[in-house]
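Chemist: Could you slot chain B onto chain A? The hints should help.
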Amino acid sequence: MQKRTLLDGQKFQITIKRLCHQLIENHNDFSNTVLIGIQPRGSYFADRVKHELSEVLKKSTIQKGNLDITFFRDDFRRKHGLVSASSNTIDFIIEGKNVILIDDVLWTGRTIRAALDALLAYGRPAKVELMVLIDRRFSRHVPIEPDYIGQQVDSLDSQQVRVSWKETEGEDKVILISESNK
Amino acid sequence: MAAEKLSTRHLLGIKDINRNDIELIFETADNFKDVINRPIKRVPSLRDITIANIFFENSTRTKLSFELAEKRLSADVVNFAASSSSVSKGETLIDTVNNILAMKVDMVVMRHPYAGAGQFLSKHIKAQIVNAGDGAHEHPTQALLDAFSIREKLGEVAGKKVVIVGDILHSRVAVSNILCLQKLGAEVMVCGPTTLIPKHIAQLGVKVEHNLIKALNWCDVANMLRIQLERQDIKYFPSLREYAMMYGLNKQILDSLDKEIIVMHPGPINRGVEITSDVADSKQSIILDQVENGVAVRMAVLYLLAAQND
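Line by line, the protein sequences give chains A and B. Residue numbering for the first sequence follows this note's numbering, beginning at 1 and increasing consecutively. Residue numbering for the second sequence follows this note's numbering, beginning at 1 and increasing consecutively.
Isolated chain A (complex conformation):
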């Protein structure tokens, strides 16, 4: 198994800061914009973004929710194994709001497709944008593209991108894992 680091240390922090500034450019003071992290791993990213935005904007009222897409997946009964659901916590109204969907890695786009479905069960947002830390480009199965990208990578289907967070894994880092026999 080979591991290659894509992002860590200062570059990781700069990337997050840059994404937050891009968000502020488009959404000003976040009075009509909410953050939604896709469970489970996107919500860590969303937590970090919320923290960063609160510091830059000197504002503690930025709203952030977690969205679970398990019951909206399109591979139920098609792929082996069942992924247990995580909780949904959206304690605010998304009707008429600008929603920033946040996930750590964008690959086939199917998760985001499901997330759009899941999101609509909570109401009709004015606008939905997508932010990802890593975009595994040229591997989409559905026509979905992110609005804010931390870093783009070229990867093979057999490879895996893993994001770890200081809060949960002790270190901010993105690695690309390839099986050694390939």
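To be clear, the hints were calculated from the coordinates, so they are not data collected in a lab. Just so you know, even glycine gets a beta-carbon here, dropped at the ideal spot from N, CA and C. Hints are supplied without guarantee of correctness; some may be wrong.
As the list claims (entries may be wrong) - Where chain A lies over chain B, by a calculated footprint (3+ residues, C-beta under 8 Å):
#1 35-42
#2 57-68
#3 298-309
Modeler: Structure of chain B alone, referenced to chain A:
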């Protein structure tokens, strides 16, 4: 964290599933409870599945609850009631079900007056079977939703003391409840007149008590069962009035206990017989929570069974 998969393809009885299965069902039901409290109470998980609800015996609550659960998972639903069907023209169970399956049904939810009907069917047909009550044998989803409601109210089931009061002899709810609660680590007692307590019930590892007050003083939760007059071919007690006086739960008894117990009832309630109105509508009663949880638990069961079919 529970296992990722159920250990069974059918839900025929609590007897056939293990503690991991039950915990997986509960964790999944937590998520579905969240779903059914949203403005849009539907998820698309079972959109390619057709479910037949086959009821050879009357039911309002269970049937409605299953139907809602199925619809909220986006399954296609067909309903079949034996009284208005060819069963009255002499068709056998297998023929009836095979005819329904020929119309491409993936899952069958069945209630039947004979114990073991689900078991029998699961050996002869391809579809997955969910037992919605078979004779005096089992009613697994009721037991699951009862235990889920206790877990919701008290935090956990393990270590809790539950007394089941009433017509144990004719009750599939009692059997499934005993098995389910024991698998989750609760202590179970049954209470009722001698004639309504099966002779060998103690072999299941439950305590037997004939005095209601003693039983209530022992327990954290009292599950009051209905007297199933329709299943009683002979007289088991002198009169309903006498039963109500000996085994009916009223506010006076409830207030005389030195702790606040939780009161449950699987429905339908006979107000004034096993439970009085002021108890049924009191703060200690979680009867309507049970009904709400019923939909979430049944969604979890159907969802997890559907996931098995790959």
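Chemist: Hints first: check each against the structure and report whether it holds.
Modeler: Hints and how they fare:
1. 35-42: Coverage by chain A holds for the region 35-42 of chain B (5 residues, Cβ < 8 Å).
2. 57-68: Since three or more residues must qualify, the claim that chain A covers the region 57-68 of chain B is violated, with 0 doing so at under 8 Å.
3. 298-309: With 5 residues in contact (Cβ-Cβ under 8 Å with chain A), the coverage given for the region 298-309 of chain B holds.
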